[in-house]
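There are 2 protein chains.
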Amino acid sequence: MGDTAGTKTIPEEGLGALDEILGFHIRLAHNAVYRHFTETFADLGLTQKQVSVLWLIEDSDDIAQTDLGRRLQIDRATIMAIVNRLQSRGYVERSQSKTDGRRQTLHITPAGHDALQKAWTANRIHEEWLKSKFTPEEVDVLINFLRRIHD
Amino acid sequence: MGDTAGTKTIPEEGLGALDEILGFHIRLAHNAVYRHFTETFADLGLTQKQVSVLWLIEDSDDIAQTDLGRRLQIDRATIMAIVNRLQSRGYVERSQSKTDGRRQTLHITPAGHDALQKAWTANRIHEEWLKSKFTPEEVDVLINFLRRIHD
DNA sequence: TCGAGTTAGTATGTTGTGCGTACCATAATA
DNA sequence: TATTATGGTACGCACAACATACTAACTCGA
Chain B
1 MGDTAGTKTI PEEGLGALDE ILGFHIRLAH NAVYRHFTET FADLGLTQKQ VSVLWLIEDS
61 DDIAQTDLGR RLQIDRATIM AIVNRLQSRG YVERSQSKTD GRRQTLHITP AGHDALQKAW
121 TANRIHEEWL KSKFTPEEVD VLINFLRRIH D
Chain V
1 MGDTAGTKTI PEEGLGALDE ILGFHIRLAH NAVYRHFTET FADLGLTQKQ VSVLWLIEDS
61 DDIAQTDLGR RLQIDRATIM AIVNRLQSRG YVERSQSKTD GRRQTLHITP AGHDALQKAW
121 TANRIHEEWL KSKFTPEEVD VLINFLRRIH D
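In order, the protein sequences belong to chains B and V. Its first residue numbered 1, the first sequence is counted upward by one per residue in the UniProt record's numbering. Its first residue numbered 1, the second sequence is counted upward by one per residue in the UniProt record's numbering.
You may find that some hints are simply not true.
Identical copies carry no separate label here, and so any pair may be met within one copy or between two of them.
[Unchecked claim] Derived BS3-like pairs (lysine-lysine); straight-line CA-CA distance at most 30 Å:
id, residue 1, residue 2
1, Lys98, Lys49
2, Lys133, Lys98
3, Lys131, Lys98
4, Lys133, Lys49
5, Lys118, Lys98
6, Lys133, Lys118
7, Lys131, Lys118
8, Lys49, Lys131
9, Lys49, Lys118
Source of the hints: derived by calculation from the structure; they are not laboratory data. Please read all numbers here as calculations on a predicted model, not as lab measurements.
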């Protein structure tokens, strides 16, 4: 161990200059949230993205992939992969759009609906864990700040 | 909603219930930051994680991988992969620790130092973009909030 | 001092995501 | 009609997170 002699000067805990970087804190926070999410959703085996997508599909039945991507700010190719996974699990289905031959409309299957029910419960726990770190007013402020970043 | 033609009721823009979820906003914000970071650092070809790690190694010369992981909250196997990439680029080197045979101490090469210099410039631009969305006081508040999440 | 348990590093493999590129079919338009 | 734009798809690459398993080195208690 770095004894008393001055040779080993490993800063014990600090993050140094990184601590000033806003982007860095966002990454760390996101990571922490991601980890807790994964834990909470371990039984379901769904990721954040998958739940978000599933959620939005249920919310807006017959939505197309492109719109999905637009709202969640996800690349066309990436949303494709996510929907594929959801589909191969039997949670969503694709069908042809009547009005536009290029489009595929997405909808939730009963199994997907069930998964979403469970996801809702898990998410309540997850959100409570997260929000418990703040007062309700602070939550509002924080969401407002974050919206400024991603809007 | 579907006032005009009735059949297609795709909510125009909203995120529905998702909009209430704090975790969801963190994800979106993180994503936006990630994208801008990638753009800004395109020339360098370094990721957020790589820069963070490089930075910390320079900051604390002879740090071990484990300590790195502890500070950045990154898994042992994951930090391994990151350091490998950095090493194969010639940005960092490993050497045996004198005091503990299990440990590898990490240090920056001149090439790594150069890369960090450029990263510093790129990061200034990136941070300015990010922080320009807030007043200095708000930045402090935000960092404080984020720290609560990841600490 | 010996042996059990812990810690650091490593290798390997899987999963999910993000993005680039290319291709095709179908609109939309000039 | 010819051209361009759009939506979906396939393929491939790079990264990251994590699990598992193994070795070597250290620590500590009986």
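Results of checking the hints against the structure:
1. Lys98 x Lys49: Close inside one copy (28 Å), not across copies (45 Å); limit 30 Å.
2. Lys133 x Lys98: Answer is neither: 47 Å inside a copy and 42 Å across each miss the 30 Å cutoff.
3. Lys131 x Lys98: neither (43 Å within a copy, 46 Å between copies)
4. Lys133 x Lys49: Both ways: Lys133 and Lys49 sit 23 Å apart in one copy and 26 Å across, limit 30 Å.
5. Lys118 x Lys98: For Lys118 and Lys98, the Cα distance exceeds 30 Å both inside one copy (32 Å) and across copies (52 Å).
6. Lys133 x Lys118: within (24 Å within a copy, 37 Å between copies)
7. Lys131 x Lys118: within (20 Å within a copy, 38 Å between copies)
8. Lys49 x Lys131: both (20 Å within a copy, 26 Å between copies)
9. Lys49 x Lys118: within (16 Å within a copy, 33 Å between copies)
This entry does not satisfy hints 2, 3, 5, going by the numbered hints stated previously.
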